[in-house]
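S.K.: Residue-level listing of the chains:
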Amino acid sequence: MDDSFDRFQGTASYITSEPLRHAVNVALALERPLLLRGEPGTGKTLLAHHVAEALEMELLRWHIKSTTKAQEGLYVYDTVQRLHDSRFGDGDVKDIKRYIKLGPLGRALAAPGRVVLLIDEIDKADVEFPNDLLQELDVMRFQIAETSEEIVARERPFVVITSNNEKELPDAFLRRCIFHYIEFPGPELMRRIVHVHHPDVEDKLLDQVIDVFFGLRGVPRLRKRPSTSELIDWIGALRKSGVDLKKIGGGIPFLGTLLKTEQDVELVARGKA
Amino acid sequence: MFIDFFFELRRRKVPVAAQEWLTLMRGLALGLHDSSLDGFYRLARAVCVKDVAYYDAFDAAFLAVFQGITRDSLILTEELMSWLTDAKLKESLTEEERELLRNLSLAELRDLFRKRLAEQRERHDGGNRWIGTGGTSPFGEGGKHPTGLRAGASGGGRSAMQVAAERRFREYRSDVVLDVRRIDVALRMLRDLGREGAPAELALDETIDATARNAGDLEIVFRPPRRNRAKVLLLMDVGGSMDPYAHLVSQLFTAASRTGRFARFRSFYFHNCVYEAVYEDARFFKAVPLGDLLAQSDRDEKLVIVGDASMHPAELLEAAGSLYFYTRNPTPGLEWMRRVADHFRRAAWLNPEPEQYWGQTTIQILGRLFPMFPLSIQGLQNAVRHLVRGGAVS
Chain A
1 MDDSFDRFQG TASYITSEPL RHAVNVALAL ERPLLLRGEP GTGKTLLAHH
51 VAEALEMELL RWHIKSTTKA QEGLYVYDTV QRLHDSRFGD GDVKDIKRYI
101 KLGPLGRALA APGRVVLLID EIDKADVEFP NDLLQELDVM RFQIAETSEE
151 IVARERPFVV ITSNNEKELP DAFLRRCIFH YIEFPGPELM RRIVHVHHPD
201 VEDKLLDQVI DVFFGLRGVP RLRKRPSTSE LIDWIGALRK SGVDLKKIGG
251 GIPFLGTLLK TEQDVELVAR GKA
Chain B
1001 MFIDFFFELR RRKVPVAAQE WLTLMRGLAL GLHDSSLDGF YRLARAVCVK
1051 DVAYYDAFDA AFLAVFQGIT RDSLILTEEL MSWLTDAKLK ESLTEEEREL
1101 LRNLSLAELR DLFRKRLAEQ RERHDGGNRW IGTGGTSPFG EGGKHPTGLR
1151 AGASGGGRSA MQVAAERRFR EYRSDVVLDV RRIDVALRML RDLGREGAPA
1201 ELALDETIDA TARNAGDLEI VFRPPRRNRA KVLLLMDVGG SMDPYAHLVS
1251 QLFTAASRTG RFARFRSFYF HNCVYEAVYE DARFFKAVPL GDLLAQSDRD
1301 EKLVIVGDAS MHPAELLEAA GSLYFYTRNP TPGLEWMRRV ADHFRRAAWL
1351 NPEPEQYWGQ TTIQILGRLF PMFPLSIQGL QNAVRHLVRG GAVS
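Top line first, the protein sequences correspond to chains A and B. So for the first sequence, my numbering puts the first residue at 1; every next one is plus one. So for the second sequence, my numbering puts the first residue at 1001; every next one is plus one.
For reference, chain A alone in the conformation it holds in the complex:
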């Protein structure tokens, strides 16, 4: 383990708040998975990329879908391929190893050095999915049943798990994690974030844009509040088109980049009237 505690300091293109940096460093030091939650668009997934970049580790991604099984993360035994090969006489069918394909978690454990493993949107999978991962995340080793080969991690990978709160995660799983809830950035942090993506944006424009943006987010009963990435798109659209923002009082140009449902657009339009 690296000696200094404050290992992760953010990167040039990823602005973090101090509590988040602290949570990352705690998770690194304690060698526990870091569980991130927060509104969509707060940069949960990106964090893993930038931790990997800042600490110069390889990043392995595991994007979870509703059909993902825990076993697939370790390895898949491609029986159909083997069956196919045996039928058409391709390759050496006797060598089972050729048909064992390591999944992202398996590769993270088999890696020669310390890697960052991103388990993205863990709550998309079945409710039992996190429980199925417990043992492997705990002991950081697993066995391939077909070949009796055991894979033991040389260094515990740094595991970043993101969740959108769609499903409750099991307690036993939660107890092993370090948790951080990424708050939606405030106006000041948001300015810094915008500056990263649009470095040459004029201050005046930025002031107005941030005002309108947080005003919109404050509208009660919006079905989907605009998030960071939408703000950045919106600024991009505004600058490309050269619309004069002084006219903002008369209506918001390119509202469609910020609001994504009809009801919301109507709601905001009614509020303006």
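The set of hints was computed from the structure by calculation and includes no laboratory data. Just so you know, these numbers come straight off a predicted model, no measurement behind them. There could be a bad hint or two in this list.
If you only want the chain B side, here are some residues facing chain A, beta carbon under 10 Å, derived [to be verified]:
| id | residue |
| --- | --- |
| 1 | 1039 |
| 2 | 1055 |
| 3 | 1204 |
| 4 | 1207 |
Derived contacts from chain B toward chain A, CB cut-off under 10 Å, selection only [stated by the list, open to error]:
| id | residue |
| --- | --- |
| 5 | 1047 |
| 6 | 1217 |
| 7 | 1247 |
Glycine included, every Cβ here is placed at the ideal spot set by N, Cα and C.
Got chain A sorted already, so can you dock chain B onto it with the hints?
M.R.: Relative to chain A, chain B alone:
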């Protein structure tokens, strides 16, 4: 003191276990708290709290236990000093924190102050140590607003205590917040998965088996995909005493009625108590006799009733008790309710009234017929759990 904090967390229903506590101790031993109270606050929160819904309870517990410590410009007590040796407090605020302070408008401050007052009364009744240490709270020093907040912070920068005191995560508490999405999430657990219908999904294991048995000639097997078989019947009390909760109930309805969620979803309205009929519309035009409804309902359907169960006892207990004089109902409301309760194997009553008022007669009586849950995220989750698995009602 630290163990006090642990039990304070547990007392406030933050699900923290010994395992997390040991992790926290390891973190402290490794110096991850940065030798400061701020660092301790962040470390403890990251390790012990796994849901933003509990951030607020964590803040409250943190305040209750460590409140006294920040007195006199954050001079730490000896016991804490022994843990946090060489306590260094932050000298300056970061840009973003300063912005946060500036951003607290007068209205927000008043709001916080009002909430705090409510808190303190509660603590005082409980004999806790809130009162008397109020001097550290930026709000306790009456009459000071935004500047007052900054003055309160002048000892050692924006400390964890102020972060905690701000209780920014109050709105995330699961016993308070309800919006369509969160209801959606809670309802998602209400399911009864089974394979029914047309075989449309490749059954890989069976295919391999069949192929092997077929001496290697490919034989493909299909099976029906898994679907939610749960059927839900929703009965909603509208009008009168339910008016303040109309928005809440409509959110629940929106979430529940999204297409494709349940195998069958039906909803009906009633006023105060179910008598011989329920209504398809909220204005009580299209009546459906209760007998018909029960006859058409599977006993396995999950019954969800939403209502405050608050009415004049006569409306529930006496014949002809209905508010509407033109409906003749020789059978008291309670008897109708009993028939409904007897018909369904699983039923839950969601009550938007705050739980402290559940002592009322009619709530008590109906609570004996139907397991009653508060209409909050927590309550909804418990109700769903009860509907799926049954078993003891907490």
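S.K.: All hints are to be evaluated individually against the structure, with a verdict given for each.
M.R.: For each hint, the structure was consulted:
1. Annotation: residue 1039 of chain B was flagged as interfacial toward chain A, and the flag holds, the nearest CB pair being 7 Å apart, inside 10 Å.
2. The beta carbon of residue 1055 of chain B is positioned within 10 Å of a beta carbon in chain A (closest approach about 7 Å), and the interface hint is therefore held.
3. With a least beta-carbon distance of about 8 Å to chain A, the hint placing residue 1204 of chain B at the interface is held under the 10 Å criterion.
4. The beta carbon of residue 1207 of chain B is positioned within 10 Å of a beta carbon in chain A (closest approach about 8 Å), and the interface hint is therefore held.
5. Annotation: interface hint on residue 1047 of chain B holds; nearest CB of chain A at approximately 6 Å, less than 10 Å.
6. Because the smallest distance between the Cβ of residue 1217 of chain B and any Cβ of chain A comes to about 8 Å, under 10 Å, the interface hint for this residue holds.
7. With its C-beta approaching chain A no nearer than about 9 Å, residue 1247 of chain B sits inside the 10 Å limit, and its interface hint holds.
Going through the hint list in order, the structure satisfies each hint without exception.
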